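Visitor: Listed below, chain by chain, are the residues.
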Amino acid sequence: TGVTQSPTHLIKTRGQQVTLSCSPISGHRSVSWYQQTPGQGLQFLFEYFSETQRNKGNFPGRFSGRQFSNSRSEMNVSTLELGDSALYLCASSPFAGGNTGELFFGEGSRLTVL
Amino acid sequence: GEDVEQSLFLSVREGDSSVINCTYTDSSSTYLYWYKQEPGAGLQLLTYIFSNMDMKQDQRLTVLLNKKDKHLSLRIADTQTGDSAIYFCAEKGAGTALIFGKGTTLSVSS
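Residue numbers (the working numbering), protein chains in the order written: chain A, 190 to 303; chain B, 1029 to 1138.
Simulated from the structure, these hints should not be mistaken for laboratory data. Accuracy of the hints is not assured; some may be wrong.
Stated by the list, open to error - In silico EDC-like pairs for lysine to aspartate or glutamate, Cα to Cα no more than 20 Å straight-line:
1. A:Lys245 - B:Asp1031
2. B:Lys1064 - B:Asp1031
3. A:Lys201 - A:Glu263
4. B:Lys1084 - A:Glu291
5. B:Lys1130 - B:Asp1111
6. B:Lys1096 - B:Asp1082
7. B:Lys1130 - A:Glu296
8. A:Lys245 - A:Glu291
9. B:Lys1098 - B:Glu1042
10. B:Lys1098 - B:Asp1031
11. A:Lys245 - B:Asp1054
12. B:Lys1095 - B:Asp1054
13. B:Lys1130 - A:Glu291
14. B:Lys1084 - B:Asp1106
15. B:Lys1064 - A:Glu291
16. B:Lys1098 - B:Asp1082
17. B:Lys1064 - A:Glu296
18. B:Lys1130 - B:Asp1054
19. B:Lys1130 - B:Glu1033
20. B:Lys1084 - B:Asp1097
As the list claims (entries may be wrong) - Computed far set for chain A versus chain B, every beta-carbon distance over 12 Å:
21. Pro196
22. Thr197
23. Gly204
24. Glu270
Nothing here was measured: the structure is a model prediction, and the numbers come from that model. Think of the CB as a built atom: it goes at the ideal place given N, C-alpha and C, for glycine as much as any other residue.
Bound conformation, chain B alone:
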């Protein structure tokens, strides 16, 4: 079945790099995503990666995809207090729905 797993919490200091990890199970997933949710807000797409790519970089964000291990990671360089939020990994399989992980709460201390 389809399932997305991610660790629940990550705490870093301002200026450090953050790495949020995710594993998924549906090998037919065509796209994988990272969404961000700030308190009281909806989800915002941060970035996505197509399944035939290994890496995608977008400013401070780097996404790494290991298809063999079904592992996805999001690295945030120079983490700021404004990056504190919940980060969701999601996959898009054969259907139209996105399957989300339960989210990783990133806490950034100054």
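So that you can see chain A by itself, here it is in the shape it has in the complex:
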């Protein structure tokens, strides 16, 4: 099976918080998160490998994540703003840094903030 993300769609209101989940391909230990918006395109949020955050993009502290011992990952956004409306994509890779950089993407969680 591929990378699975949940929920696929959700609607929140400003000020709320949200948690998104990602299950990587079996055997993959690296999980990365990207935010996709029409205006900014795809922007890197963070990467986790073996439960450790290895790299973080230029996002405010309201965006956080974690990885569990089974490599599943969650990301959390607190105090939601309208601008957080986006498609959040999770990608997995067998190696930290993706070795050749090949990432396997899930279909994303589409967040709408009202």
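Start from chain A and add chain B according to the hints.
Guide: Frame of chain A, contents of chain B only:
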């Protein structure tokens, strides 16, 4: 800084060749990639090229890399309607993250 630029739209007729262009700025990039995104789906890796290569061919896909000009292109031969999608160029620099362009929407008409 790192930045990847690509044209936003390309329209071709079925059976023609499509060429999608991309420029990048990080000369230390080790790998460069082309990803495809179909409506409502995540990104799918089409192909990648190592920075010491000039060209890579994979069936209908040809990737050309000009390191001097920091220019990458993807040629799709015999373009089909099923090739309609958004194509993203991406580079991998010294860090672990991929830097993506904003995507080129390819529209194929029959």
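Visitor: For every hint, state whether the structure bears it out.
Guide: Evaluation of the provided hints:
no.	hint	in the structure
1	A:Lys245 - B:Asp1031	holds (17 Å)
2	B:Lys1064 - B:Asp1031	holds (19 Å)
3	A:Lys201 - A:Glu263	holds (17 Å)
4	B:Lys1084 - A:Glu291	holds (16 Å)
5	B:Lys1130 - B:Asp1111	holds (18 Å)
6	B:Lys1096 - B:Asp1082	holds (11 Å)
7	B:Lys1130 - A:Glu296	holds (18 Å)
8	A:Lys245 - A:Glu291	holds (18 Å)
9	B:Lys1098 - B:Glu1042	violated (30 Å)
10	B:Lys1098 - B:Asp1031	holds (11 Å)
11	A:Lys245 - B:Asp1054	holds (18 Å)
12	B:Lys1095 - B:Asp1054	holds (10 Å)
13	B:Lys1130 - A:Glu291	holds (18 Å)
14	B:Lys1084 - B:Asp1106	holds (17 Å)
15	B:Lys1064 - A:Glu291	holds (13 Å)
16	B:Lys1098 - B:Asp1082	holds (11 Å)
17	B:Lys1064 - A:Glu296	holds (12 Å)
18	B:Lys1130 - B:Asp1054	holds (16 Å)
19	B:Lys1130 - B:Glu1033	holds (7 Å)
20	B:Lys1084 - B:Asp1097	holds (18 Å)
21	Pro196	holds (15 Å)
22	Thr197	violated (10 Å)
23	Gly204	holds (29 Å)
24	Glu270	holds (22 Å)
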